[in-house]
Amino acid sequence: MQTPAPVDYAKATSVAHAIELLQQLGDEARPIAGGHSLLPMMKLRLAAPEALVDLNDIPELQGVRIEGDHIVVGAMTKHRDILESAILHEHYPIFREAEHVIADPIVRNRGTIGGSACQADPAADLSAVGSALRGTAVIQGPGGTREVPLREFHDGPYMTVLEPTEVLVALKYPIRPGAGSAYEKVERRHGDWGVATAGVFVVVRDGVVADCGIGNAAVGAEHYCSPGAEDALIGQPATEESFAAAAKVAGEQCNPSADQRGPVDYKRHLTTELTLRALRRAAAASQGA
Amino acid sequence: MTAVEDTPSVPLSPAGNPIGFGRMPRKEDVRFLRGQGNYVDDLNLPGMLHGAVLRSPFAHARINSIDTSAAEALPGVKAVITGETLAGLGLAWMPTLSYDTQAVLATDKVRFQGQEVAFVIAESRYIARDALELIDVDYDPLPVVYDAKKALDADAPVIRDDKEGKTDNHIYDWEAGDKDKTEAAFAAADVVVTEDILYPRVHPAPMETCGSVAHMDPVTGKLTLWTTTQAPHAHRTVYALVAGLPEQKIQVISPDIGGGFGNKVPIYPGYVLSIVGSIVTGKPVKWMEDRSENLMSTGFARDYHMKASIASTKDGKILAVKVDVLADHGAFNGTAQPTKYPAGFFHIFTGSYDYPAAYCNVKAVYTNKAPGGVAYACSFRITEAAYVIERIVDCLAAELKMDPAELRLKNLLKPEQFPYTTPTGWEYDSGDYEKTMRVAMEMAGYEELRKEQAEKRARGEYMGIGISFFTEGVGAGPRKHMDILGLGMADGCDLRVHPTGKAQVRLSVQTQGQGHETTFAQIVAHELGIPPEDIEVIHGDTDNTPFGLGTYGSRSTPVSGAAAALVARKVRDKARLIAAAALECAPDDLEWELGRWYVKGDPSRGRTIQEIAMDAHGPLELPDGVEGHLDAQVVYNPPNLTYPYGCYICVVDVDPGTGQVKVRRFIAVDDCGPRINPTIVEGQVHGGLADGVGMALMELIAFDEEGNNLGGSFMDYLLPTSMECPDWELGETVTPSPHHPIGAKGVGESATVGSPAAVVNAVIDAISPFGVRHADMPLTPANVWRAIQGSPVRTDIAVS
Ligand SMILES: Cc1cc2nc3c(=O)[nH]c(=O)nc-3n(C[C@H](O)[C@H](O)[C@H](O)COP(=O)(O)OP(=O)(O)OC[C@H]3O[C@@H](n4cnc5c(N)ncnc54)[C@H](O)[C@@H]3O)c2cc1C
Numbered sequence: 001m002q003t004p005a006p007v008d009y010a011k012a013t014s015v016a017h018a019i020e021l022l023q024q025l026g027d028e029a030r031p032i033a034g035g036h037s038l039l040p041m042m043k044l045r046l047a048a049p050e051a052l053v054d055l056n057d058i059p060e061l062q063g064v065r066i067e068g069d070h071i072v073v074g075a076m077t078k079h080r081d082i083l084e085s086a087i088l089h090e091h092y093p094i095f096r097e098a099e100h101v102i103a104d105p106i107v108r109n110r111g112t113i114g115g116s117a118c119q120a121d122p123a124a125d126l127s128a129v130g131s132a133l134r135g136t137a138v139i140q141g142p143g144g145t146r147e148v149p150l151r152e153f154h155d156g157p158y159m160t161v162l163e164p165t166e167v168l169v170a171l172k173y174p175i176r177p178g179a180g181s182a183y184e185k186v187e188r189r190h191g192d193w194g195v196a197t198a199g200v201f202v203v204v205r206d207g208v209v210a211d212c213g214i215g216n217a218a219v220g221a222e223h224y225c226s227p228g229a230e231d232a233l234i235g236q237p238a239t240e241e242s243f244a245a246a247a248k249v250a251g252e253q254c255n256p257s258a259d260q261r262g263p264v265d266y267k268r269h270l271t272t273e274l275t276l277r278a279l280r281r282a283a284a285a286s287q288g289a
Numbered sequence: 001m002t003a004v005e006d007t008p009s010v011p012l013s014p015a016g017n018p019i020g021f022g023r024m025p026r027k028e029d030v031r032f033l034r035g036q037g038n039y040v041d042d043l044n045l046p047g048m049l050h051g052a053v054l055r056s057p058f059a060h061a062r063i064n065s066i067d068t069s070a071a072e073a074l075p076g077v078k079a080v081i082t083g084e085t086l087a088g089l090g091l092a093w094m095p096t097l098s099y100d101t102q103a104v105l106a107t108d109k110v111r112f113q114g115q116e117v118a119f120v121i122a123e124s125r126y127i128a129r130d131a132l133e134l135i136d137v138d139y140d141p142l143p144v145v146y147d148a149k150k151a152l153d154a155d156a157p158v159i160r161d162d163k164e165g166k167t168d169n170h171i172y173d174w175e176a177g178d179k180d181k182t183e184a185a186f187a188a189a190d191v192v193v194t195e196d197i198l199y200p201r202v203h204p205a206p207m208e209t210c211g212s213v214a215h216m217d218p219v220t221g222k223l224t225l226w227t228t229t230q231a232p233h234a235h236r237t238v239y240a241l242v243a244g245l246p247e248q249k250i251q252v253i254s255p256d257i258g259g260g261f262g263n264k265v266p267i268y269p270g271y272v273l274s275i276v277g278s279i280v281t282g283k284p285v286k287w288m289e290d291r292s293e294n295l296m297s298t299g300f301a302r303d304y305h306m307k308a309s310i311a312s313t314k315d316g317k318i319l320a321v322k323v324d325v326l327a328d329h330g331a332f333n334g335t336a337q338p339t340k341y342p343a344g345f346f347h348i349f350t351g352s353y354d355y356p357a358a359y360c361n362v363k364a365v366y367t368n369k370a371p372g373g374v375a376y377a378c379s380f381r382i383t384e385a386a387y388v389i390e391r392i393v394d395c396l397a398a399e400l401k402m403d404p405a406e407l408r409l410k411n412l413l414k415p416e417q418f419p420y421t422t423p424t425g426w427e428y429d430s431g432d433y434e435k436t437m438r439v440a441m442e443m444a445g446y447e448e449l450r451k452e453q454a455e456k457r458a459r460g461e462y463m464g465i466g467i468s469f470f471t472e473g474v475g476a477g478p479r480k481h482m483d484i485l486g487l488g489m490a491d492g493c494d495l496r497v498h499p500t501g502k503a504q505v506r507l508s509v510q511t512q513g514q515g516h517e518t519t520f521a522q523i524v525a526h527e528l529g530i531p532p533e534d535i536e537v538i539h540g541d542t543d544n545t546p547f548g549l550g551t552y553g554s555r556s557t558p559v560s561g562a563a564a565a566l567v568a569r570k571v572r573d574k575a576r577l578i579a580a581a582a583l584e585c586a587p588d589d590l591e592w593e594l595g596r597w598y599v600k601g602d603p604s605r606g607r608t609i610q611e612i613a614m615d616a617h618g619p620l621e622l623p624d625g626v627e628g629h630l631d632a633q634v635v636y637n638p639p640n641l642t643y644p645y646g647c648y649i650c651v652v653d654v655d656p657g658t659g660q661v662k663v664r665r666f667i668a669v670d671d672c673g674p675r676i677n678p679t680i681v682e683g684q685v686h687g688g689l690a691d692g693v694g695m696a697l698m699e700l701i702a703f704d705e706e707g708n709n710l711g712g713s714f715m716d717y718l719l720p721t722s723m724e725c726p727d728w729e730l731g732e733t734v735t736p737s738p739h740h741p742i743g744a745k746g747v748g749e750s751a752t753v754g755s756p757a758a759v760v761n762a763v764i765d766a767i768s769p770f771g772v773r774h775a776d777m778p779l780t781p782a783n784v785w786r787a788i789q790g791s792p793v794r795t796d797i798a799v800s
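Here the protein sequences line up with chains L and R, keeping their order. Going by my numbering, 220 is the number at position 220 of the first sequence; the sequence numbering is gapless. Going by my numbering, 475 is the number at position 475 of the second sequence; the sequence numbering is gapless.
It is worth saying that the hints were derived from the structure and are not from the lab. As the structure is a prediction and not an experimental result, all values here were calculated from the model. It cannot be assumed that every hint is accurate.
Straight-line C-alpha distance at most 20 angstroms; calculated EDC-like pairs for lysine to aspartate or glutamate [unchecked claim]: (1) R/K662 - L/D104; (2) L/K43 - R/D716; (3) L/K43 - R/D196; (4) R/K363 - R/D153; (5) R/K662 - L/E60; (6) R/K363 - R/D196.
The following residues of chain R were derived to be distant from chain L, with all beta-carbon distances above 12 angstroms [what the hints assert, rightly or not]: (7) A52; (8) K109; (9) R129; (10) D130; (11) L132; (12) R291; (13) S292; (14) D483; (15) K502; (16) H617; (17) N640; (18) D655; (19) A702; (20) G711; (21) D716; (22) S791.
C-beta atoms are modelled at their ideal positions from N, C-alpha and C, and glycine is treated no differently.
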């Protein structure tokens with residue numbers, strides 16, 4: 001049995017309360033969401049926060065809803081609820097596809113989208129999805145609420161723009177009529193983090209790629225996305241050649257490092273391969289195939 | 001679905017269980033399924049303290065000093081023990097099971113990452129762990145031997161400078177077979193194929209990690225040790241020898257054990273530390289390692305670098321095989337092998353084929369890695385042997401452009417050749433190999449699979465079919481050839497039938513999930529006719545069971561199973577004398593039917609075993625020389641090993657764009673002789689097949705240049721899940737062992753031994769159109785893709 005270091009615990013009942021607690025408990029206090037990233041690190045004593053502020057009982061942080069032309073997902077929405085969300089699936093099947101390959105049912109039953117974003121693991125699947133969709137983070141702190149594009153939310157591996165007393169409240173994704181989306185991932189075993197992943201949306205109009213977003217996790221793509229590949233594709237005919245060219249850019253422009261999941265050349269190749277596969281499927285979906 | 005047929009029906013007991021062999025639910029499941037098992041960590045004794053081990057972050061470093069004062073000052077800490085404390089007691093080092101020594105706590109230097117450096121004893125597990133962070137160790141890092149292939153380089157740092165006069169990292173050289181004859185066969189061969197084949201380091205990773213609760217009673221001087229051991233009796237003797245404790249005052253109790261797979265054969269520093277901790281504090285001390293400690297410091301498996309060569313005629317008649325092995329034993333030679341066989345039974349690598357010449361040489365080296373070396377259901381290195389021969393036979397098939405099934409069929413030993421003496425000296429007991437192989441091919445639909453493969457290849461799809469035919473030698477073993485630290489590998493067994501006809505059978509072997517409480521009851525039931533639910537199996541407590549060497553190497557049924565059958569027969573013989581007295585006839589006039597002696601020619605006159613049990617304890621006048629009560633004792637010394645075998649066929653689909661492998665089908669036909677409880681046998685096979693898929697595709701402990709263990713958690717050390725396992729398709733043939741009382745051959749490790757080669761052969765078969773003939777395990781997507789690119793990776797060191 002792994003045993004964490006001593007830690008204090010407080011339960012927040014509202015976002016304002018959580019912020020208040022974080023202010024009171026000081027810099028070494030951390031919010032806890034599903035605990036599926038934070039608790040393992042504490043048990044391994046890689047993290048030793050002095051206090052935990054539990055966000056699980058804050059109703060306003062839960063659930064998926066539509067607000068105007070955006071889908072809003074509360075930060076404490078669990079992976080499982082995202083997997084099962086009809087709203088998300090209707091507009092962006094990429095969510096369900098990604099959730100199917102995130103961890104396992106036990107983790108998905110507790111882990112949250114907000115926790116995943118704030119953990120900022122370089123391999124976080126929902127971060128690639130959020131970047132691909134050019135979503136926005138809604139953040140609340142002592143000074144009020146601010147919005148940060150997801151493509152600016154992460155400051156590098158395991159780092160975000162959040163201040164210690166700020167709480168991520170929700171993630172917002174613009175609805176794009178006619179968009180197709182898809183997620184591809186290769187892992188060494190079911191439930192493992194990706195070796196490389198690709199999540200894309202594509203809007204094809206009259207045979208031409210009118211808009212697209214390309215996200216990649218686990219391969220060191222800055223902000224989990226590949227703007228170079230997007231530039232290479234937007235305005236091009238929706239053909240295998242265009243997809244392959246864009247996917248090649250994604251593979252070239254990411255910055256993977258070698259680890260036990262694979263060497264650099266493989267990860268680049270895989271980024272290209274998975275981006276290509278995702279583009280094909282997303283474009284086909286956009287064209288109603 | 002399984003193709004297994006139920007064994008012929010035997011009479012059923014009132015509870016509906018077979019009185020003998022056949023399917024019945026496991027008796028132990030009643031408590032396990034209700035969460036009512038009783039594991040070491042469930043034990044809480046009054047006043048019990050908790051220990052935690054400080055481990056080295058470095059793979060190789062000199063220890064300048066250890067400051068424990070801050071840890072000692074933490075409230076709740078009772079004692080901090082270092083190597084220096086132990087040295088004062090003469091306990092800083094302990095013997096391994098292979099006549100080497102291992103540090104209990106490091107004194108001079110640390111030799112692998114995760115090595116034990118200090119031991120804290122505190123009021124709770126949490127406090128003990130907190131205190132570890134307060135211990136200040138001053139290390140001087142030293143150069144690291146992380147690559148076995150460089151261990152013998154002239155400039156390699158000497159790891160075991162604790163051994164007087166040691167100037168290199170060499171442990172031993174060992175050989176088997178006839179070198180000259182083998183070389184001559186190679187010189188005369190039409191075709192020679194050579195391949196470097198690595199069986200990388202893996203870990204048994206039992207669900208329950210290792211631990212112990214030691215209670216040295218300060219008044220009686222008796223040590224009771226509840227511990228995760230597969231070999232309680234052997235451990236008791238070793239503790240007596242190591243610690244100088246009187247053996248009659250040591251009781252080793254192995255309660256429910258959550259998986260062993262060989263991981264719980266060695267004695268670990270933590271066990272010794274809990275004992276020392278109890279001596280020092282006068283209180284019971286619990287030590288239970290966490291998952292990372294288990295993966296990083298306890299008995300690993302394999303780590304064999306093998307260069308294999310096979311010689312044949314051009315039409316595929318095998319002439320000879322030779323293997324050169326570089327064996328990485330880590331920092332201490334902690335392998336648990338019979339003394340005569342430092343490389344275990346590796347020399348069974350000649351496999352299931354008929355050829356006259358074979359030779360192997362094993363060179364073992366120290367590296368800055370965790371010690372161990374025989375674990376993970378390997379039957380004493382037969383896993384490595386089965387893998388290397390089955391891989392190299394496939395390489396030969398590729399070279400000859402011959403179907404690997406055809407090549408195997410051409411070379412398999414024939415039934416009339418048994419008993420068969422192999423070129424390296426094993427005497428295989430019995431087998432009808434071709435029959436087993438044909439059953440497997442039939443179940444698989446081998447010809448259709450090959451057709452499907454050809455069609456798919458034409459479409460650019462890559463499926464592969466892999467075959468493995470393995471023979472194991474299990475049930476160690478004849479005591480004159482096999483001992484561990486001088487303890488011969490024979491097993492005792494006691495059987496007592498109580499007055500009401502209910503029985504207790506006492507075994508030396510300990511179950512870790514194999515279903516002993518059911519299987520052994522069924523063996524006694526088969527011999528005596530007492531229903532299995534009326535037979536209690538008692539094991540895992542040295543004060544209450546006879547001596548024996550424990551459960552590993554698939555030896556429980558071959559050795560203790562034979563003992564149980566023989567002790568039951570002894571009781572049956574005694575029952576005959578008592579029945580004769582009761583029936584007032586001569587013992588020779590009696591005949592046995594299951595559960596009853598009756599008068600020949602007058603079947604209505606007889607005594608059931610239950611009646612005889614009461615007679616044996618009652619006022620009945622017994623004949624001269626017959627003592628009362630109905631019980632017996634035996635020690636079974638096996639005359640030979642038993643040789644289970646099987647044919648496995650695996651079908652995979654490979655995505656060449658990603659390197660991903662999907663195991664689509666797996667057919668396993670095992671011949672382990674008669675199946676005592678087919679359900680339990682199938683369970684053993686299922687588990688072993690999952691192991692095989694795991695090792696072939698994902699399990700690995702690699703090390704980087706600093707000697708960091710890269711498989712130290714379940715995020716890094718990947719075990720297969722149900723998602724990676726297809727529906728296993730099981731079949732059987734039954735060829736009894738001629739020398740075993742019930743013909744049983746043992747099956748605990750068959751599937752672990754036999755399956756990795758089938759999976760790897762299938763993957764290589766799938767990607768052979770890319771010119772691939774071999775790639776090393778684990779065949780992760782990256783490794784498969786690299787193999788396809790013609791640049792396979794070395795899997796034992798960090799990916800770069
Ligand atoms: C075995 C396993 C496998 C996994 N596999 C994958 C995988 O394949 N792909 C994948 O993407 N993920 C995977 N995960 C991670 C999983 O998705 C986690 O649940 C997720 O990353 C973290 O979510 P959580 O709710 O558990 O966060 P927690 O662990 O509770 O928190 C994580 C961090 O975020 C902070 N935090 C959480 N919520 C907020 C908030 N609202 N505001 C501010 N800070 C906050 C916490 O303080 C902490 O620092 C895996 C996890 C496990 C245990």
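Against the structure, the hints come out as follows:
| no. | hint | in the structure |
| --- | --- | --- |
| 1 | R/K662 - L/D104 | holds, 18 angstroms |
| 2 | L/K43 - R/D716 | holds, 16 angstroms |
| 3 | L/K43 - R/D196 | violated, 41 angstroms |
| 4 | R/K363 - R/D153 | holds, 14 angstroms |
| 5 | R/K662 - L/E60 | violated, 43 angstroms |
| 6 | R/K363 - R/D196 | holds, 15 angstroms |
| 7 | A52 | violated, 8 angstroms |
| 8 | K109 | holds, 25 angstroms |
| 9 | R129 | violated, 5 angstroms |
| 10 | D130 | violated, 6 angstroms |
| 11 | L132 | violated, 9 angstroms |
| 12 | R291 | violated, 7 angstroms |
| 13 | S292 | violated, 7 angstroms |
| 14 | D483 | holds, 37 angstroms |
| 15 | K502 | holds, 39 angstroms |
| 16 | H617 | holds, 48 angstroms |
| 17 | N640 | holds, 41 angstroms |
| 18 | D655 | violated, 9 angstroms |
| 19 | A702 | violated, 7 angstroms |
| 20 | G711 | violated, 8 angstroms |
| 21 | D716 | violated, 6 angstroms |
| 22 | S791 | violated, 8 angstroms |
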